[in-house]
Amino acid sequence: MSRIRILFQKKNKKVLNVYCTAGFPQLNSTIEVMQALEKNGADIIELGMPYSDPLADGPVIQASSMVAIQNGMTVKELFRQLKGFREKISVPVVLMGYMNSALQYGFEKFCEDASALGVDGLILPDLPIHEFDSYYGAIIKKNNLDFIFLVTPETSEDRIRELDKRSSGFIYAVSSSSTTGSDKDMSHVDAYLKKLSGYKLNNPVLVGFGIKDKESFEKASRHTNGAIIGSAYIKALQQSNDVAKATKEFLEPVLN
Amino acid sequence: MEKKLKWTEPDQWGYYGEFGGSYISEMLYPNVEELRQHYVEILKDPSFISEFQLLLRDYAGRPTPLFYAERLSDKYKSQIYLKREDLCHTGAHKINNTIGQILMAIRRGKKRIIAETGAGQHGVATATVCALKGLECIVYMGEKDIERQAPNVARMKMMGAVVIPAVSGSKTLKDATNEAIRDWINHPEDTHYIIGSVVGPHPYPDMVARFQSVISEEMKKQLEEHTGRTIPHRVIACVGGGSNAAGAFYHFLENEEVELIAVEAAGEGVDSGKSAATTALGKSGVLHGSKSLVMQTDDGQVVEPHSISAGLDYPGIGPLHADLFKRGRAKFMNATDEDALKAAFELSRLEGIIPALESAHALSVLGKIGLKPEETTVVCLSGRGDKDLATYMKNMDLK
Ligand SMILES: Cc1ncc(COP(=O)(O)O)c(C=O)c1O
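If you're matching them up, the sequences are chains A and B in order. Going by our numbering, the residue at position 143 of the first sequence is 143; the numbering climbs one at a time, nothing skipped. For any residue, its number in our numbering is found by taking its place in the second sequence, counting from 1, and adding 256.
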């Protein structure tokens with residue numbers, strides 16, 4: 001059974017997934033950031049592979065990606081840094097990024113190497129269903145990686161079921177049709193999440209985009225299995241030069 | 257067996273050979289899917305066709321002339337015609353596409369229009385049709401391009417468009433496109449994105465190519481009047497994303513007798529590190545929602561291109577062109593900044609026509625392809641040079 005499934009089976013509280021950008025704030029801070037996240041209560045780590053044209057990301061994550069690229073982060077370098085990380089980190093880790101990064105590395109090799117390193121799943125927002133079905137999905141499955149599709153308030157029920165069928169690990173519910181980090185009113189989001197939970201999907205649902213503190217985390221996970229924090233954590237890292245301290249100070253009030 | 261598709265026809269998933277498709281996130285899916293399901297039906301609707309054609313005629317000023325360039329022909333000892341897209345309203349071929357897309361947006365009930373622009377020509381063409389139809393218009397433009405294309409920024413503002421600087425990444429066309437796509441993600445219901453070239457997720461490359469195909473449709477009739485034949489020996493066009501080239505090639509693609517030459521911007525030289533020659537430097541990859549040739553690092557980071565012409569300063573090409581290149585249907589050449597400047601001065605002196613810097617790239621290969629006296633060549637003069645006067649003035653000594 002995959003690490004992500006075990007987590008959702010065992011955890012009786014809401015799951016907190018935290019996003020960080022590989023190679024940010026420093027080229028070599030990737031593992032340090034991941035360790036700090038695990039230590040301070042993150043249940044899943046979503047590790048961003050920095051890309052020059054991150055269309056689904058808002059300004060904060062874009063800026064962290066630019067810094068990481070300038071720091072010299074590449075997929076090859078990331079995989080070098082991840083060597084042996086399972087000796088230090090036990091929570092599930094999913095790689096988040098864009099198709100072009102995986103394609104240039106060689107998609108098959110990308111999945112093989114990620115899996116061999118101990119990565120649990122992939123989030124590639126620009127891999128569409130048709131391409132997933134006709135080619136890439138089989139490679140992902142063959143390498144025992146979970147694949148997490150996104151759904152939005154505009155996604156029809158039929159399509160949500162199609163996406164659920166192909167997903168494993170969890171479903172990533174975007175809380176409003178928006179790039180990461182944009183602030184939108186959470187009230188009509190509530191109705192949408194309630195509707196989602198009524199569908200009784202095969203996969204657990206985590207809510208992403210717009211979660212920044214204890215209140216928004218609890219609101220977002222009221223009808224779901226948990227939530228994902230991204231931009232707000234990156235902002236906290238930007239404002240500090242002490243990863244351990246910034247992570248502790250950021251996560252403590254969210255979880256306690 | 258799969259049936260052999262025409263060069264101009266992508267399969268139902270938007271693939272031209274191995275290139276194309278729709279690599280978009282779920283946030284964009286409903287918008288793009290809705291367009292995909294309806295665009296062909298709308299394009300075939302007789303009332304849409306008549307409205308489109310009327311505006312092309314009475315508003316854009318079509319048909320544009322096919323001009324026999326006598327002194328240019330004498331110089332190159334051949335028969336050279338210019339397709340005068342520079343005479344379109346707003347000064348470039350871009351208006352053919354924006355008229356088509358604004359009508360499409362209105363049919364889909366959209367109230368808000370967004371666009372990206374590099375040189376500002378597509379931004380101006382979009383602002384123009386939005387003013388014409390009374391729709392809100394937001395144009396994303398790289399901060400660097402806003403500086404180098406000030407007159408076009410003023411034109412857009414005068415027509416009521418809001419110009420938003422793209423300050424991310426390299427602050428040019430690629431980033432303006434990213435910002436427009438992000439805006440679209442944040443406005444999934446009321447907004448139509450008028451993409452300015454044959455790029456983006458399916459169905460954009462096909463839809464834009466169809467709107468621009470009026471260029472070669474007119475050429476055929478006009479060639480027959482001039483030469484008695486509906487086909488030339490060759491067609492030459494510049495390629496940024498590839499919309500004027502797609503339009504100029506469209507009705508000749510199935511006839512392999514016609515040589516098609518696409519000219520990319522080599523900037524300071526293909527190997528100078530300051531170039532935008534995508535087929536020479538690019539690899540297969542995904543950019544702005546489709547798989548095509550993309551200039552990128554080994555790690556897949558999109559590379560900052562360079563060209564003196566803002567309209568060609570783009571690190572990709574449309575999937576149709578990637579396929580024409582890969583399967584050898586079109587010949588891809590390139591021209592440096594200096595080649596383009598020289599060609600612009602040459603046309604100005606010989607024919608009294610000041611071309612856009614983009615179009616000058618197409619003109620600049622005339623001396624390099626061994627034209628024969630009896631051959632007819634059509635160059636797509638995609639736009640006029642008024643917007644480039646500042647650059648031309650700085651380079652007067654090149655004449
Ligand atoms: C006059 C002119 N020609 C050509 C282009 C390049 O675009 P495309 O390759 O889509 O024709 C532009 C773009 O701004 C332009 O303004």
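These aren't lab readings, by the way, just hints derived from the structure by calculation. We treat Cβ as the ideally placed atom computed from N, Cα and C, and that holds for glycine. A few of these clues could be false.
[What the hints assert, rightly or not] With a straight-line cut-off of 27 Å between C-alpha atoms, the simulated DSS-like cross-links for lysine-lysine are: (1) K109(A) to K400(B); (2) K76(A) to K413(B); (3) K39(A) to K219(A); (4) K262(B) to K476(B); (5) K476(B) to K235(A); (6) K245(A) to K235(A); (7) K76(A) to K389(B); (8) K88(A) to K219(A); (9) K413(B) to K367(B); (10) K300(B) to K389(B); (11) K582(B) to K109(A); (12) K14(A) to K219(A); (13) K13(A) to K39(A); (14) K194(A) to K142(A); (15) K14(A) to K212(A).
[Claimed, not checked] According to the in silico footprint, chain B covers these stretches of chain A (three or more CB under 8 Å from chain B): (16) 32-44; (17) 103-117.
(request) Give me the numbers of the hints this structure contradicts, sorted from smallest to largest. (result) Violated hints: 1, 2, 5, 7, 8, 14 and 16; rest satisfied.
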